[in-house]
Amino acid sequence: MATVLLERIGLALITMIIIVVVVFFALELMPGDACSVNLGRGASDSMLAACQKRLGLDQPAVWRFAAWAGDFLTGDLGISMQRDRPIAEVVGWRLRNTLILAGLTAAIGIPLALGLGVLAGLNPDGPLDMTISGIAIFAMTVPEFISGTLMILLFSVILGWAAGVVTIGYKAPALDLLKASVLPAATLIFILAAHILRMVRASVIEVMQSDFVQMARLKGVPHRRIILHHVLPNALLPAISIIGLTMAWLLGGVVIVESVFNFPGLGRLAVDAVADQDLPLVQAIALLFGFIYVLTNLGADLLALTLNPRLRTRRK
Amino acid sequence: MKFKLHAKLVATPLVVFMTIASAAQADTVLRRANDLSFGGSESLDPISANRFYEVNDLIYSRLIRQDENGRPASELAQTWKANETATEWTLTLQPGVIFHDGSTFDAADVKFTLERIKDPALESPVTDVLGLIEAVDVVDPLTARIRLSTPHAGLPLLLMDYRVRILPEGAAAPFGIGTGPFMLDSYDPESTTILNANTAYWEGIPKLDRIEFTAIPNSEARNQAMLGGQIDYNGLTRDQEPLYAGNSAFTVQSYPAGGWFGIAFQCNQPPLDDPRIRKALRIAVDRADMLALMSGEGNGIVSCDTPVKASDPFRATLDCPQDIAGAKALLADAGYPDGIDIEVFTADLEPGMVQYAEVYQQQVAEAGIRVKLTVAPSDGYFDDVWLKKNAVTSWSQRPADQFLNEAYRSGAAWNESHFANAAFDTLLDQARATLDIEKARTLYVQAQEILFNEGGTLIAYQENGRRVMSARVTGIAAQDEDYIRWHMVGMEQ
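Chains as they are written, first to last, in the working numbering: chain A, 13 to 328; chain B, 957 to 1449.
Hint data in this document are derived by calculation from the structure and do not stem from the laboratory.
These stretches of chain B come out as covered by chain A in the derived footprint (C-beta under 8 Å, 3 or more residues): (1) 994-1003; (2) 1138-1149; (3) 1163-1173; (4) 1332-1342.
Quick list of simulated restraints, FRET-style, between CB atoms: (5) Thr86(A) <-> Gly1254(B): 57 to 65 Å; (6) Glu101(A) <-> Thr1273(B): 50 to 58 Å; (7) Val985(B) <-> Leu25(A): 51 to 59 Å; (8) Val1331(B) <-> Val33(A): 25 to 33 Å.
Here a beta-carbon is modelled for each residue, glycine too, at the ideal position from N, C-alpha and C.
Bound conformation, chain A alone:
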């Protein structure tokens, strides 16, 4: 058990180190540097030199990498070029807002997906399953920027039930943000739930046809008991890693959904930072996204390990 645990954590660490290296050197390969990109057309030589000196861009790349990675490890994310403020401060509020949105999405989306997935899986090819699966496939194929825009069109412009675009600021109280998160969260839930429920459905169908369920049925175990004690525990285990992966996908999803709904989170900040050509900020957000992705997956892995004894021993 301990070795498996250490192995997973070790792998996650290695992945994170690779992310750090890739994020730094990928931006290094781009034409120009943070200063020339940020100052753009109006850059005079003296302005450029002053900026490069301020950011230490006149140093060799490897040396800068060491300094940057070191700062990052100690929690110093650097200074945003465009905003001229510490990145930790710029990112902090947005991270909170994105967590609110992602939390709301997960809190509603995951139980909803599990429930619908089980329902569909227990009655495969029935009218209920056809409806649920049909909607799920639709949700999976329509990109977020379209479903988000349609949501606004329907609920805000046509029906007038909810404000379409989030107009409160990034420092707004958490409760206000939660209220403003309804449409963006609905858009994310729509897609997130679709992915998870498709997996759960397949898993339930598979377990229902397994030998031990057949056996239980032949022995006359009541249907209710078969479902609750034999099918669900076995069918929902694989869902954990899928939930982990889907939550990680959510990070990519928020980039688009936040932009469509003007939600003041990390995803919109990422888009803004790219548009503003604020390279230090882009680097920091890329790293954050990478780390959250790895950590979410690690969490799902560890949870699966705890719940599923079969995973704990290595097969030779």
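Use these hints to put chain B onto chain A, whose structure you have.
Chain B only, in chain A's frame:
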């Protein structure tokens, strides 16, 4: 600790919100979007490179503004007069104007504002326009004398620059005190900025009680906010326009603006050092067709390679229909009877920049001009391509004198086509020293004719700006934002 913080965070805005909500019924509020083009570093310093123009326009006044024909009109300066050599300008100022903090506007504020432009520590882009101001003398509280380092008859036109806004003497960061129709209430470019009516505004009490700016960086999200009635005033792109067509809840306006795309051909690189070839490359273009394709019929004005906008009193009105035969003849003359190969670079920096080059490529093919089109990476385009290659370029409006000097005078830093013509430079010098506005106009027009005949930059048209407003908004004519008299703008209930 965290809990306490949150309780506070919830409580204060809630109180504020309730206060605003109870007052809202009586107030007329215009809600606008801030596109965050400076990513949160928007500055209330009007001459900063990151000036928050939309807000500065409301809280500050200029000395001189433009009338509907683009001519200088009185704002904080009542009258202006030059000495015979146009090296000294004397301005008499509007009496009885007070700043938002209650202090009185006088010549010392003019001196402070104008001399500040040259402060090297600020690195203000306005130096390019008004760097020629040597000093300002306070003659008496309502008279200021501006001394120039070189003669300039067009100083009033330069003072119309949208960034030259009067600050109170000694103003410092974060700024925000002006003499304009609206006063700053709260300022946060990344979320909400609120401006209240200045009831002591010297031209009359504003009709609106408040103007609010909400940060919405994404163009599509701004559009959705407009459609959903969350904002009342917004810029509009061509492809968004049909969404509002025939909807009586909205007013859509298309107004002359001065921005353009162009292709800067390098006049110093053979074979383009031959002006005949440069002219052939430009007259082979069907400008009206290109305008219709790129911007939609009637949404701009054809330009015969003049960078000057339609509302500028010094714009040359030339005629330049597509001339395939003429282009072929010029090429043959220059030794290319079988046509010529030209490489043009562009980048996907702004929507339309790639298409502009593509339309060009198609249109001139008939004249035997074979364009090899290269789409360069957007990053580093201005470092690696611009000023070095034949490249698609993009400019925003500026006054004629500034444009012609900045982009075409021999050796100017942003002379992107490396155009060098002594006669052209002389005309600009003469125009600057000519106080008679009609005579000056003749000189500027001649300079633009030289550009059409020998220049290296293709400018097919100037595209209109577009905006959409709630149909309840009153007092905004189909003109550039610069012209809007904000204290006259209202909202029907």
